[in-house]
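Please model the entire structure based on the sequences and the hints provided.
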Amino acid sequence: MTAKLRSTLLAPTLAIAFSALLCALALLASGANPADALGVMIGHVGKGQVAVDIVNSTAIYMLAALAAAIGFQMNLLNIGIEGQYRIGALVAAIVGSALVLPPVLHWLVILVVASLAGALWALLPAILKVTRGVHEVLSTIMMNAIAFGLAAYLIRRDMFGILVGNNVSTEPIPDSGRVPGIDLGDRGTVFGLVFLAVVVAAVYGIVMKRTRFGFELKASGESPTAAAAGGVNAKKMVVVSLLVSGAVAGLVGMPEILGRDHAYTLNFAAGYGFAGIGIALLGRNHPVGIAFGSLLWAFLEKSKVALDNVGVPREIATIMQGSIVLSVVVAYEIVKRMDLAAEQRRVGRALGTAKPAEQVGGDGK
Amino acid sequence: MSTADTGPGSSVMTMPAAPRRRTLPAWAIFLIGVVAVVGVLATTSYLTGKPALTSSLTMQNTVTLGVPILLAGLGGIWAERSGMINIGLEGMMVLGTWGAAWGGLHGGPWVAVLSGALFGALGGLLHAIATVTFGVNHIVSGVAINLLGMGVTKYLAVLIFEPLSQNPRDSPPIEQFETFSAQPLGDWLTDLENEQRVVISDVAGLLGGLVTRVSPMLIITILLVVGTYLVLWRSRFGLRLRSCGENPVAAESLGVNVYFHKYVAVVMSGALAGIGGAALVLGSSPSIYSEGQTANRGFIGLAAMIFGNWTPGGTLAGATLFGYADGLRLSAGPETVHALLYAAVISAGLLVIWQLWRRKWRTAMLAAVGAVVVYALYYASDELPTQFLPYTPHIITLVVLALAAQRLRPPAANGVPYRRGEGD
Numbered sequence: 000m001t002a003k004l005r006s007t008l009l010a011p012t013l014a015i016a017f018s019a020l021l022c023a024l025a026l027l028a029s030g031a032n033p034a035d036a037l038g039v040m041i042g043h044v045g046k047g048q049v050a051v052d053i054v055n056s057t058a059i060y061m062l063a064a065l066a067a068a069i070g071f072q073m074n075l076l077n078i079g080i081e082g083q084y085r086i087g088a089l090v091a092a093i094v095g096s097a098l099v100l101p102p103v104l105h106w107l108v109i110l111v112v113a114s115l116a117g118a119l120w121a122l123l124p125a126i127l128k129v130t131r132g133v134h135e136v137l138s139t140i141m142m143n144a145i146a147f148g149l150a151a152y153l154i155r156r157d158m159f160g161i162l163v164g165n166n167v168s169t170e171p172i173p174d175s176g177r178v179p180g181i182d183l184g185d186r187g188t189v190f191g192l193v194f195l196a197v198v199v200a201a202v203y204g205i206v207m208k209r210t211r212f213g214f215e216l217k218a219s220g221e222s223p224t225a226a227a228a229g230g231v232n233a234k235k236m237v238v239v240s241l242l243v244s245g246a247v248a249g250l251v252g253m254p255e256i257l258g259r260d261h262a263y264t265l266n267f268a269a270g271y272g273f274a275g276i277g278i279a280l281l282g283r284n285h286p287v288g289i290a291f292g293s294l295l296w297a298f299l300e301k302s303k304v305a306l307d308n309v310g311v312p313r314e315i316a317t318i319m320q321g322s323i324v325l326s327v328v329v330a331y332e333i334v335k336r337m338d339l340a341a342e343q344r345r346v347g348r349a350l351g352t353a354k355p356a357e358q359v360g361g362d363g364k
Numbered sequence: 000m001s002t003a004d005t006g007p008g009s010s011v012m013t014m015p016a017a018p019r020r021r022t023l024p025a026w027a028i029f030l031i032g033v034v035a036v037v038g039v040l041a042t043t044s045y046l047t048g049k050p051a052l053t054s055s056l057t058m059q060n061t062v063t064l065g066v067p068i069l070l071a072g073l074g075g076i077w078a079e080r081s082g083m084i085n086i087g088l089e090g091m092m093v094l095g096t097w098g099a100a101w102g103g104l105h106g107g108p109w110v111a112v113l114s115g116a117l118f119g120a121l122g123g124l125l126h127a128i129a130t131v132t133f134g135v136n137h138i139v140s141g142v143a144i145n146l147l148g149m150g151v152t153k154y155l156a157v158l159i160f161e162p163l164s165q166n167p168r169d170s171p172p173i174e175q176f177e178t179f180s181a182q183p184l185g186d187w188l189t190d191l192e193n194e195q196r197v198v199i200s201d202v203a204g205l206l207g208g209l210v211t212r213v214s215p216m217l218i219i220t221i222l223l224v225v226g227t228y229l230v231l232w233r234s235r236f237g238l239r240l241r242s243c244g245e246n247p248v249a250a251e252s253l254g255v256n257v258y259f260h261k262y263v264a265v266v267m268s269g270a271l272a273g274i275g276g277a278a279l280v281l282g283s284s285p286s287i288y289s290e291g292q293t294a295n296r297g298f299i300g301l302a303a304m305i306f307g308n309w310t311p312g313g314t315l316a317g318a319t320l321f322g323y324a325d326g327l328r329l330s331a332g333p334e335t336v337h338a339l340l341y342a343a344v345i346s347a348g349l350l351v352i353w354q355l356w357r358r359k360w361r362t363a364m365l366a367a368v369g370a371v372v373v374y375a376l377y378y379a380s381d382e383l384p385t386q387f388l389p390y391t392p393h394i395i396t397l398v399v400l401a402l403a404a405q406r407l408r409p410p411a412a413n414g415v416p417y418r419r420g421e422g423d
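Note that the protein sequences, when read in sequence, are chains A and B. Just so you know, the first sequence maps onto residues 0 to 364 in numbering that gives the first Met the number 0. Just so you know, the second sequence maps onto residues 0 to 423 in numbering that gives the first Met the number 0.
Warning: the hint list may mix true and false statements.
[Stated by the list, open to error] Straight-line alpha carbon distances no greater than 30 Å define the calculated DSSO-like cross-link-like pairs of lysine-lysine that follow:
1. Lys-235/A to Lys-217/A
2. Lys-234/A to Lys-359/B
3. Lys-301/A to Lys-46/A
4. Lys-303/A to Lys-46/A
5. Lys-217/A to Lys-234/A
6. Lys-217/A to Lys-359/B
Please keep in mind that the hints were generated in silico from the structure rather than gathered at the bench.
Listed below in structure tokens is the structure:
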């Protein structure tokens with residue numbers, strides 16, 4: 000068990016160290032001092048509302064990463080989270096502002112609507128995948144682009160948009176539909192829906208580990224032929240997992256909309272979907288790994304402002320994020336090979352003591 | 000990218016249903032296709048009264064916008080023919096746009112193309128190291144390279160371009176290629192186009208767009224298409240490369256260095272995507288690098304490759320389709336893009352007749368229903384909402400993928416991890 004834990008932690012540690020080194024070199028090349036930059040990044044956390052912002056962002060990234068992880072479990076790459084959460088947020092904001100319901104029920108309904116809208120946006124790629132064999136990566140990327148167009152269309156002032164100041168947004172969601180946060184005074188407000196991310200992560204963890212559905216999902220991902228032989232309907236699993244992934248993706252925008260903005264605005268945040276894919280890879284689809292990955296990602300994201308203030312290009316944080324993802328997948332592969340080689344040596348030794356050496360030579364492949 | 004990975008039974012889909020009685024040579028299919036497309040467009044242009052559908056301006060835009068897609072598609076062919084899925088084309092293209100702007104600032108357009116290729120190739124090399132040497136999942140590595148490409152490019156743009164252009168998102172304009180026109184052919188075609196005679200003017204417009212203000216970029220691209228065909232299908236090296244994509248273990252047993260061929264293929268793929276980025280920079284006016292310039296064209300290039308059944312000629316057709324959709328929205332308004340629906344109705348109508356003639360009743364029925372639905376859409380609306388206009392190529396990509404992904408045959412070992420000496 001400890002050996003397993005070691006090899007699980009080794010890869011991300013290696014990857015983060017390697018990426019940090021890479022970024023330090025990039026900073027040196029551009030004439031900045033990496034130690035100063037790191038100091039500024041860490042010092043920034045203690046200032047103003049930054050710590051609370053990081054917690055809030057962590058929750059959002061967790062939701063996005065969990066959505067990606069559900070797809071990854073069966074080797075489906077749902078790039079469409081970006082579009083799914085946009086549509087989910089927009090539809091939820093429109094429906095939420097039109098409904099009149101008692102407090103808790105109101106925002107629960109909004110969450111359900113957001114999920115359904117996200118799942119609906121994943122439906123077409125799922126259908127195309129199982130009926131026409133269209134690869135989900137291509138179809139979901141196109142759906143992302145179309146989601147941007149649809150969002151821009153629906154928020155037009157002759158559709159659902161209204162002018163607030165000099166920004167266009169949807170009608171505000173009434174008080175009953177807002178989720179109260181935890182007010183920490185000067186430190187900011189922790190979104191109430193931070194707990195939604197924790198709940199979704201827990202449910203995901205339990206479903207994957209303890210239920211038949213989770214088992215079938217993982218089995219289809221690891222060996223489609225074995226799963227099919229075991230009676231798993233591959234096409235059904237593709238549709239279900241893409242829809243569930245889309246449903247979770249639909250929730251990504253909710254902490255911000257129900258906790259802070261109370262409407263879908265023209266400058267609604269973009270990019271959570273792609274971050275979620277990176278974080279799911281970093282956390283290896285494990286809920287705890289995803290939580291830590293999200294925290295790291297949120298920290299890097301929020302430190303961009305601090306870097307700007309000391310004259311270091313903020314994009315170094317983006318490079319760091321990208322290189323962490325690439326080096327972590329490489330590191331996992333290396334650690335896997337090391338483990339495999341160690342296992343083969345162990346088996347070889349065990350067999351070698353029991354049998355004459357020439358019979359062991361056969362498993363050299 | 001493999002489109003036939005939906006599990007058991009999918010291999011049936013990729014097999015030809017029955018031995019065909021006789022196949023037309025490729026050039027004949029190509030000619031029939033061109034005539035059919037021009038015919039449909041000319042008819043639509045006449046019936047809807049939208050001459051912009053076949054104007055020379057539209058054709059010029061088609062070329063300018065189709066070239067980057069075509070180059071990305073060619074990059075896809077190189078990688079996937081060797082069995083390597085390359086989702087990272089988009090990131091390599093982004094690197095190419097930066098490289099082209101940087102090279103162009105220092106040495107003019109030719110240096111821009113070379114430097115774009117170099118930067119794209121670096122992205123390709125990274126993908127090759129991760130996937131070939133370390134055996135990382137191809138798609139995962141590609142996604143990471145897209146993230147990384149965007150990050151590195153933004154960083155470099157802030158570092159190098161911002162002091163020059165005072166804008167972190169743009170580079171200063173670089174020198175463009177000198178364009179040339181085939182005279183007096185161009186003028187004659189322009190005159191003919193302006194007479195607005197049915198069909199003749201349409202053909203003149205489309206041809207005129209091809210021969211006026213031709214950029215050397217188009218010539219480079221055509222040479223690369225032909226070169227790709229010759230190298231991959233008519234040389235010993237190409238045969239070995241493609242064998243790595245069909246059955247790497249068999250190739251290995253015949254003494255082919257699979258790692259080497261995969262490396263070359265993926266680096267070349269990155270270089271082509273990088274040249275595509277350079278074409279984007281040189282094709283925009285003014286010629287600048289700007290953030291978000293690629294707008295998923297790397298992915299659309301992959302779609303063009305799938306549409307073209309992993310062949311250069313087919314990819315050319317796919318890229319022309321997407322380039323046309325993109326070019327049309329630039330040269331004409333939303334009403335004209337809306338007229339494409341009408342063209343779709345005519346195409347579906349032709350499909351119905353063709354399927355009836357082949358006695359495929361069910362397909363004919365489906366096509367007829369499709370035609371009626373699209374016609375209803377066309378009739379019920381006057382124009383495409385402007386917000387959707389930038390996404391016309393994406394919508395068309397989705398429709399084309401849905402309709403075209405049937406009789407395709409991706410390389411057999413596409414995306415399958417390979418390690419030397421581990422074959423069974």
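Contradicted hints - numbers only: 6
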